[in-house]
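Asks: In the order they appear, the protein sequences are chains A and B.
Just so you know, we're using this note's numbering here: the first sequence kicks off at 1 and counts up by one.
Just so you know, we're using this note's numbering here: the second sequence kicks off at 1 and counts up by one.
Keep in mind the hints are simulated off the structure, nothing from the lab.
Treat the hints with care, since some could be wrong.
Copies of one chain are not kept apart here, so a pair can be met inside one copy or by any two copies together.
In the BS3-like style, the derived pairs of lysine-lysine whose C-alpha atoms are separated by at most 25 Å in a straight line are [said to hold, decoys possible]:
{"#": "1", "residue 1": "K372", "residue 2": "K466"}
{"#": "2", "residue 1": "K102", "residue 2": "K346"}
{"#": "3", "residue 1": "K278", "residue 2": "K347"}
{"#": "4", "residue 1": "K278", "residue 2": "K328"}
{"#": "5", "residue 1": "K260", "residue 2": "K346"}
{"#": "6", "residue 1": "K347", "residue 2": "K260"}
{"#": "7", "residue 1": "K31", "residue 2": "K372"}
{"#": "8", "residue 1": "K382", "residue 2": "K148"}
{"#": "9", "residue 1": "K257", "residue 2": "K45"}
{"#": "10", "residue 1": "K347", "residue 2": "K102"}
{"#": "11", "residue 1": "K476", "residue 2": "K346"}
{"#": "12", "residue 1": "K307", "residue 2": "K87"}
{"#": "13", "residue 1": "K346", "residue 2": "K241"}
{"#": "14", "residue 1": "K346", "residue 2": "K87"}
{"#": "15", "residue 1": "K21", "residue 2": "K120"}
{"#": "16", "residue 1": "K382", "residue 2": "K98"}
{"#": "17", "residue 1": "K257", "residue 2": "K347"}
{"#": "18", "residue 1": "K447", "residue 2": "K372"}
There are 2 protein chains.
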Amino acid sequence: MTHSNSSNLNVKDLSFINDIKSMAVIGPSEKRNFFFLRNHQDSFKGKVYAIHPRSEEIPGFPKEDIYASILDVPGEVDFAFIAVPPKLVLHVMNECVKKGVKLVTIFTSEFSDAGTEEGKALEQELLKRAQNEVRILGPNGLGLFYPKIGLAWRQHFPTTPGSIGFIAQSGGICNIAIYSSIELGIEFSKVFSFGNGADLDFVDLLYFLINDSETDIILCYIEGIKQGRINDLIAILNNNKKPIIVLKGGKSETGIKAAKTHTASVSGDRVIWQTFFKQYNVIEVDSLEQLLHTARLIACYGIFDAKNLAVLSISGGYGVVLVDIIEKYGLKVPPFPLTTQNEINKKLFMPGTSSNNPLDFAAQFFAIDSVKEIIDIVLSDKSIDGLILDLPGFYLSFPPRIQDLSTFYNTISECLNLGHIHKKPLIVITQYLTRLNSIHDFLLKVKQRNVPLFGDPLEFIPLLPKISNYFIKSSK
Amino acid sequence: MTHSNSSNLNVKDLSFINDIKSMAVIGPSEKRNFFFLRNHQDSFKGKVYAIHPRSEEIPGFPKEDIYASILDVPGEVDFAFIAVPPKLVLHVMNECVKKGVKLVTIFTSEFSDAGTEEGKALEQELLKRAQNEVRILGPNGLGLFYPKIGLAWRQHFPTTPGSIGFIAQSGGICNIAIYSSIELGIEFSKVFSFGNGADLDFVDLLYFLINDSETDIILCYIEGIKQGRINDLIAILNNNKKPIIVLKGGKSETGIKAAKTHTASVSGDRVIWQTFFKQYNVIEVDSLEQLLHTARLIACYGIFDAKNLAVLSISGGYGVVLVDIIEKYGLKVPPFPLTTQNEINKKLFMPGTSSNNPLDFAAQFFAIDSVKEIIDIVLSDKSIDGLILDLPGFYLSFPPRIQDLSTFYNTISECLNLGHIHKKPLIVITQYLTRLNSIHDFLLKVKQRNVPLFGDPLEFIPLLPKISNYFIKSSK
Chain A
1 MTHSNSSNLN VKDLSFINDI KSMAVIGPSE KRNFFFLRNH QDSFKGKVYA IHPRSEEIPG
61 FPKEDIYASI LDVPGEVDFA FIAVPPKLVL HVMNECVKKG VKLVTIFTSE FSDAGTEEGK
121 ALEQELLKRA QNEVRILGPN GLGLFYPKIG LAWRQHFPTT PGSIGFIAQS GGICNIAIYS
181 SIELGIEFSK VFSFGNGADL DFVDLLYFLI NDSETDIILC YIEGIKQGRI NDLIAILNNN
241 KKPIIVLKGG KSETGIKAAK THTASVSGDR VIWQTFFKQY NVIEVDSLEQ LLHTARLIAC
301 YGIFDAKNLA VLSISGGYGV VLVDIIEKYG LKVPPFPLTT QNEINKKLFM PGTSSNNPLD
361 FAAQFFAIDS VKEIIDIVLS DKSIDGLILD LPGFYLSFPP RIQDLSTFYN TISECLNLGH
421 IHKKPLIVIT QYLTRLNSIH DFLLKVKQRN VPLFGDPLEF IPLLPKISNY FIKSSK
Chain B
1 MTHSNSSNLN VKDLSFINDI KSMAVIGPSE KRNFFFLRNH QDSFKGKVYA IHPRSEEIPG
61 FPKEDIYASI LDVPGEVDFA FIAVPPKLVL HVMNECVKKG VKLVTIFTSE FSDAGTEEGK
121 ALEQELLKRA QNEVRILGPN GLGLFYPKIG LAWRQHFPTT PGSIGFIAQS GGICNIAIYS
181 SIELGIEFSK VFSFGNGADL DFVDLLYFLI NDSETDIILC YIEGIKQGRI NDLIAILNNN
241 KKPIIVLKGG KSETGIKAAK THTASVSGDR VIWQTFFKQY NVIEVDSLEQ LLHTARLIAC
301 YGIFDAKNLA VLSISGGYGV VLVDIIEKYG LKVPPFPLTT QNEINKKLFM PGTSSNNPLD
361 FAAQFFAIDS VKEIIDIVLS DKSIDGLILD LPGFYLSFPP RIQDLSTFYN TISECLNLGH
421 IHKKPLIVIT QYLTRLNSIH DFLLKVKQRN VPLFGDPLEF IPLLPKISNY FIKSSK
C-alpha cells in the first residue's frame, strides 16, 4: 500500500481520506464523560459507532450503534478513533485490520513518547500488527480534523471547510490553531495531529496535502523528521507548487530536549533546518501566531511582493514608528513619485497632514471621502506594492464631527476594499488595546471581507519579507 | 524662571503643574462643535472658562463663564488650551502673559512643523512674547493629560490616576497610549504631548517627571532632541533612579525624513541613540505596543531579573515553541534541580505530562488543584526567576470534566496570584484569537489582580531581557 513513482518515492497512499463515510470511537471513556465519542457524534456527517466491551448504554447515544467489538459492526468502518489503554491497543489493531478499517487515530500515549525501551517496542509491535493495511495517525496524536465531513475530535470546532491544510505532531498546537482560525477568519481543509508518527509521518502527510485538490496553502508544525526520510522530503518539495509555511519546534538547546520528551523527536540543528527551508522555498516562522497570520495574509491576497509599501496613519508619530519597523525588516517606504504626490496634495486640505509617504491624515481622516480618493491614488501608483493603514479603535468609536456613523463606516469599508480592487495587499492595524465593544460588528465585517486586520505591527510586518521572498523565488 | 542647580542645569521649573486649579479654552471652535472645550469641561475638576471674541452662547456651557478675552476673567487662570488660528496666537500669548497664566498648550500647528521660514520665525516670535513667564506645550501639541485633576483633551479618557508618566511629541501617539491604558490596566500620572517643543522640550519634561512624586515609571516617545540639550539630558539621567522606557521615532532613513515633516525634529543616527540609551540604562523598545507592555510588566512586578524562566503549558508543542522563543532572546529555561523535579513528579499523575522544564500539563491541567501545588513548588525554587504560563481561552470556555466552573476559575486565579506571593513575575498568555466572550469576566479579573496577560508570546518575551538588563545595571 505504499506509493511508488518513477523517483522511487516512499510515501503512503492516503487518497482514500477524501472518501471517509463511517467511523468508530473505540474506547469511549465513561470517566471522561465519553468526551471523544460525543465530540465526533455531534459533528460527523456520516455514521458513528461506539466500541466498548462492557458499555451497553451511553446516555444520549443510540443503543443500536454500540458494539463490544468493531468486528460486530454490520457496515463498513472507514476510520476509527482509538482511546483504549496502551495494553489493549494491539488487540484493537488486530480487529481493525480484520474489519478493513482504512485509517485510525491512536490517541493513547505512553509508546515511544514515554522514552522507555518498552514503549518503543510496543510502538514497533503496533506497526507490525497494522500490516500496512491500516494507516495510523499517532500514537499520542489527535488524528484528523476534516470539517467538510464533520470529523472533529473536539467540540465547537469550526464547521466551514476551507483550503488551508495543517500538519502538526502536537495535538495541543492543533487545538489552538483550529479554535484560533474562527477568530482569525481562515478555514482549514484538513488538520492532522500525527503525534509520535509511528506510521504516517510528516513526509507522508505533506505529500498528501501537496496533492490534495481541497488544499491550497500548507501549514506545518514539526519537531523533527525520522532518519532516512530526508530524500523523500526533498523529492516532494522539488515538485511542490503550493506555499508551505513551517514552524519548527525544538530549535534551541532546551527546546530540542523538550521536543524529545514531547513526541520522541530528534529535532536537530537549527541552522541545518533554516538552510534547508530556505533552499526549498519553505516559509519559516517563529511562533504559532506567525504561522496562522501568514496563512491569513496569503488567504486574503494570494502570494505577493510587498517590498515597497505605502503607510497611512492618523497619528504622524505612529506612522514614523511604522516606517522604522518596516525598514528594520528590510522593506521600503519609498517617496511617492511627484505626479502622485501632486494628486494627493489636491485632496489634502487640513493642517497637520502630510502628502508624502508615510501619509499623515491627522484630523482629515474624518473627511473620509477624501481618504478613499487618496488610497485609490496611492494604490494606482505602479511603484507601490501595498498599503498599511493604522486605524485606532477609538477614532472609530468616538469620531468627532461625524453625523452619520453608518455612512462613515460604509465608506471606511470601501476604503479597505481598495486593496482587493487594485489586487495589492491592504493591511489594517487596529490596536488590540483600542478595540472597544462598540466597533465589534465593524471589525467583524472587515474580517469577513477578507481584509487582514492586526492588533500590533510586530505581529505581521516581520512576515511580509517572508511572503515577498517566497513570491520572488516562486515566480522564477 | 529657568531652574539652575550646582551643575548649571538648564531646565525649566514646572513644579506649579501639581497645583493647577483653573483653566481656559481659548478659541473654542463652533465648526468643531466646541470639541476641546467640551472635553475639558466634561472632565476638569476645577473652573473652566471659554474665551472667544464673538461667541456669546455655547450650547450646554455656562454663559457666565464665556469671555471675549482672558483678561476679562475675574479669577486666576493657571492653564490655557489655545486652539486659535496661527495668526492670532501671538496676540493671545500677550494676553496670557498679562493675565499671569502659568502654562499653555498650543494646539495650533503651521509653525516650525510647516517647514517654512515663515513658520520658524512665527515660532521664535511666540517664544519671545511668552517672556519665560508663560510655559508652552506645543505648538502643534495636545498638551497635558492629568487624570488626578481631570485635565483631558479628549472624551472617554481614563479617570483613575496612576504612577506612570508619558512624554511624547506626537499627540496621536498619546491618544493611542491613553485609550490603550484602560484595556491594558496601566494608569498614568501625567501625559505630555509637547509637539514642536518650542519652549518645553523632552529634557524639561523628563526632568519634571524624574522629580515628580506622583510618577514612578517614565515612558517616552521622542523623535529627536534640540541641539545643545544633550549635556542637560546626560546630567539629569546621571541622577535618575526611575525606570525610563523610550520609543525612538525616526530610526530608519525614511523614518528620519517623516519625523522631520511631523514635528520638525532632527532624529539623527540610530546607532548613536542606541548607544546613548544603553550607556544611561534607558530601556529602548521598537513599538508603542512594546512601550506600554513594558510599563505593564514593571507596574505589576516592579523591575525584575527573568534570566531563568519556568514554562508551563497545556500543549507540549506550544511549550517547545515558547522555549525556542525565550532562548532566542537570550534567556534560559533551565532544567529543574532534581529535588524540585521529584516534588513535581509526586503531583503528576496523568499520562502525557512532563515534570521537567518546560512543564507539560496536558489534560491534568483540569485537575487544577495539582496545578496550583506545582506552580508553588516551581516558584519556591531559588534557581527559577519567574514563570510563563500558556492558558488558551478555549480550555477555559469549554473545560472538559469540570462540574463547578466557578471553583475552577477561582483556583486558576489563585494559581496566577502565586507570582505576587513569591515576588516573582508570573506572566500569562491567552492567545488573542482564543479569547471568547464567555471568558471576558475572567480575563478582566486577571488584569485587575495585576497579573500581566498577553495575547502572543512575541508581544512580551523580547521585553524580558530588557527589563532584566535594566535590573542588573540599576542594582550595581
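Asks: If a hint holds in the structure, say so; if it doesn't, say that too.
Replies: A quick look at each hint next to the structure:
When the C-alpha separation of K372 and K466 is checked against a cutoff of 25 Å, the pair qualifies neither within a copy, at 29 Å, nor between copies, at 41 Å. Taking the shortest alpha-carbon separations for K102 and K346, neither the intra-copy value of 67 Å nor the inter-copy value of 41 Å comes in at or below 25 Å. Neither within a single protomer nor between protomers do K278 and K347 lie at most 25 Å apart by alpha-carbon distance, with minima of 44 Å and 44 Å respectively. With identical chains, the CA atoms of K278 and K328 are at most 25 Å apart both within one copy (20 Å) and between copies (19 Å).
For the homomeric pair K260 and K346, the shortest alpha-carbon distance between copies (22 Å) is at most 25 Å, but the shortest distance inside one copy (62 Å) is not. Taking CA atoms no more than 25 Å apart as the test, K347 paired with K260 passes between copies only; the shortest distance there is 22 Å, against 60 Å inside one copy. For the homomeric pair K31 and K372, the shortest alpha-carbon distance between copies (23 Å) is at most 25 Å, but the shortest distance inside one copy (59 Å) is not. Within a single copy, K382 and K148 get their C-alpha atoms no closer than 40 Å, and across copies no closer than 51 Å, so neither meets the 25 Å cut-off.
Within a single copy, K257 and K45 get their C-alpha atoms no closer than 41 Å, and across copies no closer than 59 Å, so neither meets the 25 Å cut-off. Taking the closest pair of Cα atoms, K347 and K102 never come within 25 Å of each other, the shortest separation being 64 Å inside a single copy and 39 Å across copies. Taking the closest pair of Cα atoms, K476 and K346 never come within 25 Å of each other, the shortest separation being 40 Å inside a single copy and 58 Å across copies. When the C-alpha separation of K307 and K87 is checked against a cutoff of 25 Å, the pair qualifies neither within a copy, at 56 Å, nor between copies, at 43 Å.
In this homomeric assembly, K346 and K241 never come within 25 Å of each other (Cα to Cα): the closest approach is 45 Å inside a single copy and 51 Å across copies. Proximity of K346 to K87 under the C-alpha cut-off of 25 Å is restricted to the inter-copy arrangement: shortest distance 24 Å between copies versus 78 Å within a copy. For the identical chains of this complex, K21 and K120 are neighbours neither inside a copy (33 Å) nor across copies (77 Å), given an alpha-carbon limit of 25 Å. In the homo-oligomer, the alpha carbons of K382 and K98 never lie at most 25 Å apart, since the shortest distance is 64 Å inside one protomer and 56 Å across protomers.
For the homomeric pair K257 and K347, the shortest alpha-carbon distance between copies (22 Å) is at most 25 Å, but the shortest distance inside one copy (59 Å) is not. Proximity of K447 to K372 under the C-alpha cut-off of 25 Å is restricted to the intra-copy arrangement: shortest distance 19 Å within a copy versus 38 Å between copies.
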